[in-house]
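Colleague: Sequence:
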Amino acid sequence: MPAAPVATIIASPGGNVLRAGTQIALRTAEPLTTEGKLLRIGQRVQLEVAEAVLLNNQVIIPAGSPAVGEITEVRNKGMWGKSGRINARVLYVRANGTQIRLTGQFDDKGKTGTAGVVAAIAFIPIAGFVTTGTSAKIPLGAPVTGFLDEDISVAFAPTQPTTIAVPAPQPVQAAPAAPATPPKPTTAALVDPSLEIKPR
7 MPAAPVATII ASPGGNVLRA GTQIALRTAE PLTTEGKLLR IGQRVQLEVA
57 EAVLLNNQVI IPAGSPAVGE ITEVRNKGMW GKSGRINARV LYVRANGTQI
107 RLTGQFDDKG KTGTAGVVAA IAFIPIAGFV TTGTSAKIPL GAPVTGFLDE
157 DISVAFAPTQ PTTIAVPAPQ PVQAAPAAPA TPPKPTTAAL VDPSLEIKPR
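The numbering of the sequence shown is the working numbering, which starts it at 7 and goes up by one.
I should point out that these hints are in silico values taken from the structure, not numbers from a laboratory. This one's a predicted model, so the numbers in the text were calculated from it and none came from an experiment. Think of the CB as a built atom: it goes at the ideal place given N, C-alpha and C, for glycine as much as any other residue. Watch out, some of these pointers could steer you wrong.
Simulated restraints, written as ranges between beta carbons of each label pair [said to hold, decoys possible]: (1) E156 <-> K43: 33 to 43 Å; (2) G42 <-> N63: 37 to 47 Å; (3) V23 <-> T140: 20 to 30 Å.
Below, computed lysine-lysine pairings styled on DSSO-like, alpha-carbon distance capped at 27 Å [unchecked claim]: (4) K43 <-> K143; (5) K143 <-> K88; (6) K88 <-> K43.
Put together the whole structure using the sequences plus the hints.
Modeller: Below you can see the structure in the form of structure tokens.
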């Protein structure tokens with residue numbers, strides 16, 4: 007099945023415009039977690055387009071196009087039931103050699119051990135200090151929603167008819183004609199009948 011044609015994104019305004027605010031379905035291309043305390047504010051996050059974006063039934067942003075996000079807040083799990091937290095925002099997507107600004111946020115937070123902390127404080131205060139929450143985790147392939155942050159003008163390539171090559175018919179070769187039978191030679195009598203000798 008031939009691939010769907012992809013429209014060309016142009017800089018100048020035109021009649022075909024993908025408007026700012028258009029929703030873009032994304033997904034994470036790498037797992038994120040506060041476990042190990044490796045995440046940092048400002049760290050870039052790899053995303054990708056989960057569903058192609060269409061305009062007039064033509065692909066503007068193909069599925070699988072790379073996108074980039076950024077970590078805006080990191081909180082590691084801690085004592086007294088404090089859970090981990092990840093906040094991030096969507097920055098841009100690359101499609102057909104063009105970088106397109108996006109907006110949108112995504113986050114996750116671990117479960118807080120609040121009930122355990124309250125009980126520990128009520129009975130043994132020191133136990134509350136060692137009760138910790140859980141780490142925040144955003145798995146690989148987690149859905150993320152982004153939105154176009156600018157109008158995108160596109161130019162559609164003219165539709166070209168599909169040419170199907172049909173092989174030319176091969177000439178039919180006639181069966182070789184049977185060789186002609188040469189005429190049989192006529193045998194002529196060598197004796198003149200008038201010279202026939204008749205018995206007496």
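Colleague: It remains to establish, for every hint, whether it holds in the given structure.
Modeller: Going down the list of hints, with the structure as the test:
1. E156 <-> K43: 33 to 43 Å: holds, 36 Å
2. G42 <-> N63: 37 to 47 Å: Distance hint for G42, N63 holds at roughly 46 Å.
3. V23 <-> T140: 20 to 30 Å: violated, 45 Å
4. K43 <-> K143: holds, 12 Å
5. K143 <-> K88: Roughly 15 Å separates the two Cα atoms, so the pair holds.
6. K88 <-> K43: holds, 14 Å
Comparing the model with each earlier hint shows a violation of hint 3 alone; every other hint is respected.
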